[in-house]
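> What follows is the residue order along each chain.
Protein chains: 2
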Amino acid sequence: MDLDKAFRGKKVLITGGLGFIGSNLAHRLVELGAKVLLVDSMIPHHGGNLFNIADIKNKVAVNIADIRDENGMDYLVRDQQFIFNLAGQVSHTDSMTDPYTDLEINCRSQISLLEACRKHNPTVKIIFASTRQIYGAPDYLPVNETHLLHPTDVNGINKMAGEWYHIVYNNVYGIRATSLRLTNTYGPRMLVKHNRLGFIGWFIRQALDGEEIQLFGDGTQLRDLNYVDDVVDAFLLAAAHENANGEVFNLGTEAISLMELVHLLIEICGSGSYTLVPFPPERKRIDIGSYYSDYTKVEASLGWRPQISLRDGLERTVAYYRKHGERYW
Amino acid sequence: MDLDKAFRGKKVLITGGLGFIGSNLAHRLVELGAKVLLVDSMIPHHGGNLFNIADIKNKVAVNIADIRDENGMDYLVRDQQFIFNLAGQVSHTDSMTDPYTDLEINCRSQISLLEACRKHNPTVKIIFASTRQIYGAPDYLPVNETHLLHPTDVNGINKMAGEWYHIVYNNVYGIRATSLRLTNTYGPRMLVKHNRLGFIGWFIRQALDGEEIQLFGDGTQLRDLNYVDDVVDAFLLAAAHENANGEVFNLGTEAISLMELVHLLIEICGSGSYTLVPFPPERKRIDIGSYYSDYTKVEASLGWRPQISLRDGLERTVAYYRKHGERYW
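As they're listed, the protein sequences go chains A and B. Residues in the first sequence are numbered from 1 upward in steps of one, following my numbering. Residues in the second sequence are numbered from 1001 upward in steps of one, following my numbering.
Chain A on its own, in the form it takes in the complex:
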């Protein structure tokens, strides 16, 4: 797949474009010669950070807007050839304390975006950022795309609905859409201010700060972590492949226990420590146990597989925060 040919000169919209994955995607698309428009609501604590695009700010357009705003979306989607739809509320615990906001962002706003495309840009191709969270606690490992969806929290439910709006609009209206079910993603530009958007950013910050990382439970839970550049590749491949239309794909990689992960992280940082603590009740109730993905479908269909080893990815990430930490701490 010639990604340069696929994206050079193309008009591309990224929702959540100032966030972690969105901004990394923007960097890559700028390299590829795309005309990039970043839409972000800049809701506090959601991950949007203008520093994420500081080095490409003259090569992209930025529009601060909330994708819940129907009129704004009606305008912004016009003439775009690709939409990478990454805007979302991603905190599981926040979705339980405020289910309405999670519903607005992860369901209503997805309908707004899709309705805007139906009315004003039905030839666009959309890639939706879904999540392994919609599977809930796995019935078996590794989890493939035919695993039942039984989410354990409101965020998982609403992301499941958000994904299916895309598939239905693909099937009913022919608005080409693909959903990528992301597992844990890490790398430069991720939010490390607090621990509500996932554990890995928080662990990295704590290790760099020489603090004691708290591992819930016995630390044997398995996870698979994708480096953000690999995830960006998957978005580009899904956008460029017509055989991805209407499909859902797991991303993933090899599994590692959280304890092994923390050992590796502490070694790379040369600082930090860890301790095992019991699960806090509000976390335990929505915990999913071990998880890792079967990603053979995306490999067979799009030729994607992760390229960056965990050690390599963590080293790059730690180096980024050593250099730019003050913009994220």
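Among the clues, some could well be false.
Stated by the list, open to error - Below 20 Å or equal to it, Euclidean Cα-Cα: the simulated SDA-like pairs (lysine to any residue) are:
hint: 1; chain 1: B; residue 1: K1193; chain 2: B; residue 2: G1210
hint: 2; chain 1: A; residue 1: K193; chain 2: A; residue 2: N171
hint: 3; chain 1: A; residue 1: K10; chain 2: A; residue 2: T101
hint: 4; chain 1: A; residue 1: K193; chain 2: A; residue 2: S41
hint: 5; chain 1: B; residue 1: K1119; chain 2: A; residue 2: T97
hint: 6; chain 1: B; residue 1: K1297; chain 2: A; residue 2: D98
hint: 7; chain 1: B; residue 1: K1119; chain 2: A; residue 2: E282
hint: 8; chain 1: A; residue 1: K297; chain 2: B; residue 2: D1139
hint: 9; chain 1: B; residue 1: K1010; chain 2: B; residue 2: A1061
hint: 10; chain 1: B; residue 1: K1005; chain 2: B; residue 2: E1031
hint: 11; chain 1: A; residue 1: K193; chain 2: A; residue 2: K11
hint: 12; chain 1: A; residue 1: K10; chain 2: A; residue 2: S41
hint: 13; chain 1: A; residue 1: K297; chain 2: B; residue 2: L1149
hint: 14; chain 1: B; residue 1: K1119; chain 2: A; residue 2: T101
hint: 15; chain 1: A; residue 1: K11; chain 2: A; residue 2: I64
hint: 16; chain 1: B; residue 1: K1297; chain 2: A; residue 2: D139
hint: 17; chain 1: A; residue 1: K59; chain 2: A; residue 2: A6
hint: 18; chain 1: A; residue 1: K119; chain 2: B; residue 2: P1281
hint: 19; chain 1: B; residue 1: K1059; chain 2: B; residue 2: D1139
hint: 20; chain 1: A; residue 1: K297; chain 2: B; residue 2: H1150
hint: 21; chain 1: B; residue 1: K1119; chain 2: A; residue 2: D98
hint: 22; chain 1: A; residue 1: K119; chain 2: A; residue 2: K57
hint: 23; chain 1: A; residue 1: K35; chain 2: A; residue 2: D4
hint: 24; chain 1: A; residue 1: K323; chain 2: A; residue 2: E282
hint: 25; chain 1: B; residue 1: K1297; chain 2: B; residue 2: R1068
hint: 26; chain 1: A; residue 1: K119; chain 2: B; residue 2: D1098
hint: 27; chain 1: B; residue 1: K1119; chain 2: A; residue 2: D94
hint: 28; chain 1: A; residue 1: K119; chain 2: B; residue 2: K1119
hint: 29; chain 1: B; residue 1: K1119; chain 2: A; residue 2: I64
hint: 30; chain 1: A; residue 1: K284; chain 2: B; residue 2: R1118
hint: 31; chain 1: B; residue 1: K1011; chain 2: B; residue 2: R1118
hint: 32; chain 1: A; residue 1: K119; chain 2: B; residue 2: K1059
hint: 33; chain 1: A; residue 1: K284; chain 2: B; residue 2: G1174
Since the hints were derived computationally from the structure, they do not count as laboratory data. In this text, all values refer to a predicted model and were calculated from it rather than measured experimentally.
Place chain B on chain A using the hints.
Positioned in the frame of chain A, the structure of chain B alone reads:
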């Protein structure tokens, strides 16, 4: 299971209580000696009809309210021992022309109800009316509960989310909830004014009016139809069984082709005719082909199985509309 003992003197709330299934459930609960509160929004064309409870109006309480109203629900759920949660937008085609309203009714209002229970009545037991629509076009027949959920329209997506909010609130907060995935339900008190809430009511009306029923496609599509009294039984059994908490159950019965169904209906009515016509495009795009349920799980867990034959059920239904048709036409 002694249903009389389970419900006598108990406080019971039915959302969508003036609608088809809700009002039939109300009749049964009044017989069983329950204290019944019916909440209904009376949104036009949704199925609410005060005549549905004309013969029990002095034995039930009626509160016209929309379950989207958070403050109202906060008040109405208090002290209830059972909630039969049947309020919903059920038109597939309406969900595609107005996805926002479907989202408000089938998602936001379910969160409102569950949040009201979490805050003000966490010991209640809730039975949610889900639908076979969430399976989409079957991968295999009969469809059991481990069949993947891949809805074909916005209504199916939002009902899927609505069901899962209940399961998550059961699992996370211990608010006991069961979801019944209904297949086509028919019987007295169903809406027959228009064809947007399902085909069977419309077919009955047309046969009684001596009109020509239009069957889409070749008429060989299979469906399973439950008589409403059987469905009411399932709601009561699910409410009374603790082993139903957190579970989803298919209802169902034997399959019949739509053409055979129409033949039987015309025979029973002694009037009407039918013709095969091509699918209208907006229907074809969300059609699911043949469907019938595997209901062995609910039979094994709750001892439920349908008791009323299709012929018997249709005869009772036709007799009802011959007598009361003017209140429904």
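> It remains to establish, for every hint, whether it holds in the given structure.
Results for each hint:
A distance of roughly 15 Å separates the Cα atoms of B/K1193 and B/G1210; the hinted pair therefore holds under the 20 Å criterion. Between A/K193 and A/N171 the alpha-carbon distance is near 40 Å, which puts this suggested pair outside the 20 Å criterion. Among the hinted pairs, A/K10 with A/T101 is inconsistent with the structure: their alpha-carbon atoms are about 33 Å apart, more than 20 Å. For the suggested pair A/K193 and A/S41, the alpha carbons sit about 18 Å apart, so the restraint of at most 20 Å is met.
The suggested pairing of B/K1119 with A/T97 holds, with an alpha-carbon distance near 12 Å, which does not exceed 20 Å. Only pairs whose Cα atoms come within 20 Å are accepted, and B/K1297 paired with A/D98 is rejected, the gap being roughly 34 Å. Between the alpha carbons of B/K1119 and A/E282 the distance comes to roughly 16 Å, so the proposed pair stays at or under 20 Å and holds. Restraint check for A/K297 and B/D1139: the C-alpha separation of about 19 Å stays at or below 20 Å, so the hint holds.
With a C-alpha separation of about 14 Å, the suggested pairing of B/K1010 with B/A1061 holds against the 20 Å cut-off. With a CA separation close to 12 Å, the supplied pair B/K1005 and B/E1031 stays within the 20 Å bound. Under the criterion of a C-alpha separation no larger than 20 Å, the hint pairing A/K193 with A/K11 is inconsistent with the structure, at around 32 Å. For the given pair, A/K10 sits about 23 Å from A/S41 by alpha-carbon distance, which is inconsistent with the 20 Å threshold.
Note on A/K297 and B/L1149: the hinted pairing holds, with a Cα-Cα distance of about 19 Å set against a maximum of 20 Å. The suggested pairing of B/K1119 with A/T101 holds, with an alpha-carbon distance near 18 Å, which does not exceed 20 Å. For the proposed pair A/K11 and A/I64, the alpha carbon gap of about 18 Å is at most 20 Å, so the pair holds. About 18 Å separates the Cα atoms of B/K1297 and A/D139, which keeps this hinted pair within 20 Å; it holds.
With a CA separation close to 19 Å, the supplied pair A/K59 and A/A6 stays within the 20 Å bound. Restraint check: the Cα-Cα separation between A/K119 and B/P1281 comes to about 18 Å, which is no more than 20 Å; the hinted pair holds. Proximity of B/K1059 to B/D1139 is assessed by CA-CA distance (about 46 Å); at most 20 Å being required, the pair is judged violated. For the proposed pair A/K297 and B/H1150, the alpha carbon gap of about 18 Å is at most 20 Å, so the pair holds.
Our distance criterion of 20 Å between C-alpha atoms is met by B/K1119 and A/D98, whose separation comes to about 13 Å. With a C-alpha separation of about 30 Å, the suggested pairing of A/K119 with A/K57 is violated against the 20 Å cut-off. For the proposed pair A/K35 and A/D4, the alpha carbon gap of about 13 Å is at most 20 Å, so the pair holds. For the hint linking A/K323 to A/E282, the alpha-carbon distance of about 35 Å lies beyond 20 Å, and the restraint is violated.
Distance hint between B/K1297 and B/R1068 is unfulfilled; the C-alpha atoms sit about 32 Å from each other, more than 20 Å. Between the alpha carbons of A/K119 and B/D1098 the distance comes to roughly 13 Å, so the proposed pair stays at or under 20 Å and holds. Between B/K1119 and A/D94 the alpha-carbon distance is near 17 Å, which keeps this suggested pair within the 20 Å criterion. At roughly 41 Å between alpha-carbon atoms, A/K119 and B/K1119 are farther apart than 20 Å, so this suggested pair is violated.
For the proposed pair B/K1119 and A/I64, the alpha carbon gap of about 36 Å is over 20 Å, so the pair is violated. With a C-alpha separation of about 18 Å, the suggested pairing of A/K284 with B/R1118 holds against the 20 Å cut-off. Annotation: proposed proximity of B/K1011 to B/R1118 holds, straight-line Cα distance about 18 Å (limit 20 Å). Between the alpha carbons of A/K119 and B/K1059 the distance comes to roughly 50 Å, so the proposed pair goes past 20 Å and is violated.
Taken as a hint, the A/K284 and B/G1174 pair is honoured in the structure, with Cα atoms around 14 Å apart against an allowance of 20 Å.
Hint check: violations occur at hints 2, 3, 6, 11, 12, 19, 22, 24, 25, 28, 29 and 32; the rest are consistent with the structure.
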